[in-house]
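Engineer: So the chains spell out like this:
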Amino acid sequence: MKVLLALGILPWVVLGVLHLFGLRNDAGFLSGAPVQSATAGGVYVLTYFAAVVVAPVLLLAAALIALTKRLAPRAS
Amino acid sequence: MLRQALRTAVALLVATLVWLPSLHLFFARNQHDAFVDRGIAPRTSELAARQIQTLLGGPTSELGAQHQASGEWDFMGRTYVAWSLANMALRDPQAKASYLEKMDKIISETLAVEKDNGFQYFLLPYWRARPFVANPPRSIFVDGEIALMLALRRLVDDNPEDKRALEERVSVITERMSSGPVASAESYPDECWTFCNAVALAALTVSDVLDGTDHSPLARRWIETAKAKLTDAKTGLLVSRYAYDGTVMEGPEGSTLWMVIHALAVVDPAFARDQYEKAKSELAGSILGFGYAAEWPAEAKGHADIDSGPVIPLLDVSAGSSGLALVAAKTFDDEPYFTKLVTTLDFAAFPIRERGTLRYAAGNQVGDAVLLYAMALGPAWHEVERRKR
Numbered sequence: 001m002k003v004l005l006a007l008g009i010l011p012w013v014v015l016g017v018l019h020l021f022g023l024r025n026d027a028g029f030l031s032g033a034p035v036q037s038a039t040a041g042g043v044y045v046l047t048y049f050a051a052v053v054v055a056p057v058l059l060l061a062a063a064l065i066a067l068t069k070r071l072a073p074r075a076s
Numbered sequence: 001m002l003r004q005a006l007r008t009a010v011a012l013l014v015a016t017l018v019w020l021p022s023l024h025l026f027f028a029r030n031q032h033d034a035f036v037d038r039g040i041a042p043r044t045s046e047l048a049a050r051q052i053q054t055l056l057g058g059p060t061s062e063l064g065a066q067h068q069a070s071g072e073w074d075f076m077g078r079t080y081v082a083w084s085l086a087n088m089a090l091r092d093p094q095a096k097a098s099y100l101e102k103m104d105k106i107i108s109e110t111l112a113v114e115k116d117n118g119f120q121y122f123l124l125p126y127w128r129a130r131p132f133v134a135n136p137p138r139s140i141f142v143d144g145e146i147a148l149m150l151a152l153r154r155l156v157d158d159n160p161e162d163k164r165a166l167e168e169r170v171s172v173i174t175e176r177m178s179s180g181p182v183a184s185a186e187s188y189p190d191e192c193w194t195f196c197n198a199v200a201l202a203a204l205t206v207s208d209v210l211d212g213t214d215h216s217p218l219a220r221r222w223i224e225t226a227k228a229k230l231t232d233a234k235t236g237l238l239v240s241r242y243a244y245d246g247t248v249m250e251g252p253e254g255s256t257l258w259m260v261i262h263a264l265a266v267v268d269p270a271f272a273r274d275q276y277e278k279a280k281s282e283l284a285g286s287i288l289g290f291g292y293a294a295e296w297p298a299e300a301k302g303h304a305d306i307d308s309g310p311v312i313p314l315l316d317v318s319a320g321s322s323g324l325a326l327v328a329a330k331t332f333d334d335e336p337y338f339t340k341l342v343t344t345l346d347f348a349a350f351p352i353r354e355r356g357t358l359r360y361a362a363g364n365q366v367g368d369a370v371l372l373y374a375m376a377l378g379p380a381w382h383e384v385e386r387r388k389r
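Protein sequence lines correspond, in order, to chains A and B. If you count the first sequence from 1, position 50 lands on 50 in the numbering used here, and the numbers rise without skipping. If you count the second sequence from 1, position 363 lands on 363 in the numbering used here, and the numbers rise without skipping.
Same shape as in the complex, but just chain A (with noise of 0.2 Å):
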């Protein structure tokens, strides 16, 4: 459950930073737009995906683990 918590939450602050600097310009590479570095902007773009469609699945994934947890005990 830690392990789902702790991925979830990584690609959210991996985000942020990358957002911080600026990185989310170079999502430009798509289109063929000129950007400063396409390599950046795939990082970016990998990132940005694996925050917004993965990490909630993994969060709640972890939630619904720790909601197991707590109900087993009554059920047995």
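If you're looking for bench data, these hints aren't it; they were derived computationally from the structure.
Quick list of the computed label-pair ranges, beta carbon to beta carbon: (1) A/Thr39 - B/Lys105: 33 to 39 Å; (2) B/Val248 - A/Ser37: 39 to 45 Å; (3) A/Leu67 - B/His32: 36 to 42 Å.
Here are some of the chain B residues that sit facing chain A, going by a computed Cβ distance under 8 Å: (4) Arg7; (5) Thr8; (6) Ala11.
A few chain A residues facing chain B, derived, Cβ under 10 Å: (7) Met1; (8) Phe29; (9) Leu30; (10) Gly32; (11) Ala33; (12) Pro34; (13) Phe49; (14) Val52; (15) Val57; (16) Leu59; (17) Ala61; (18) Ala62; (19) Ala63; (20) Leu64; (21) Ile65.
Idealized CB from N, CA, C, for every residue including glycine.
Fit chain B to the known structure of chain A by using the hints.
Structural biologist: For chain B alone, kept in the frame of chain A given last:
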């Protein structure tokens, strides 16, 4: 241990089944305000502010880089913004003078660039590969879009200078399309695009309501020819590219077709609607609440080019087709599809809002200009329809 792994797997499965169908809800916004002919939606204002800043106010480095990437992008980045400003002026009559001032600057700068460098400045370099069939060389791509800029300017507020300039373009367009074997003029040497010819026909139609002329016989000839010779047999959709003699060079592609549909909506609304319905059935899609458009019908695959933009494999989701699908969806008041497409934009195109402006980091200036046009369009075509009656 096994029990823990199983619990984790089930939790991940349930979380996925809950999250993925819910994701679009965090990006979906009601787009109804863009479908009303009066007033400027906030997103339209923000996009326009950025475009005006880029085209008229800011450093020219972005435009220079865009021209390096594509002369076509440079040109269309201007025309789409000018067309948008005309629609915005009709939406907000109190701010008309301000919109027209900006539109006039864009038009005069575009005409100056064309005069100084030739129309070829706005073409892709492959225009040099062979000579134009019709002489003297001209491109209906440049003539058609400039004519539509001038026509929409006059639709908002007429003036003698633009009247003369439009009459010259209309005369050239009419002469060249009429003399073509399939009622089409070349965009590139021995290469006609439905996109460019449809936009030119739209410009002729607007000029007809302004000047009392009648180009409907040419429009009818083009449409009848297109139905007979420029239509893909499997899908019934208009092809995108063909030789001067009408030999098809490239089948239907979304990044062309959606704009053709929009342009033809003011020329022959019934034919345009029929094409829209077919295009929606062949190209439009939605996954988990996110709308998209494919570049090619499943039965008529083409190849990616500068118009299609990046194409996601398997789904064939195309940035170019999806962006221009907004234009067609708006034209036919297809609010549900339009809203789903905007939801995808906000999810995957990396919007950046700064000091009252909006741009999409995953796109470029011309991409944002097309989005602005999709948001703003409506009143101009409705005004033409009203004057036709």
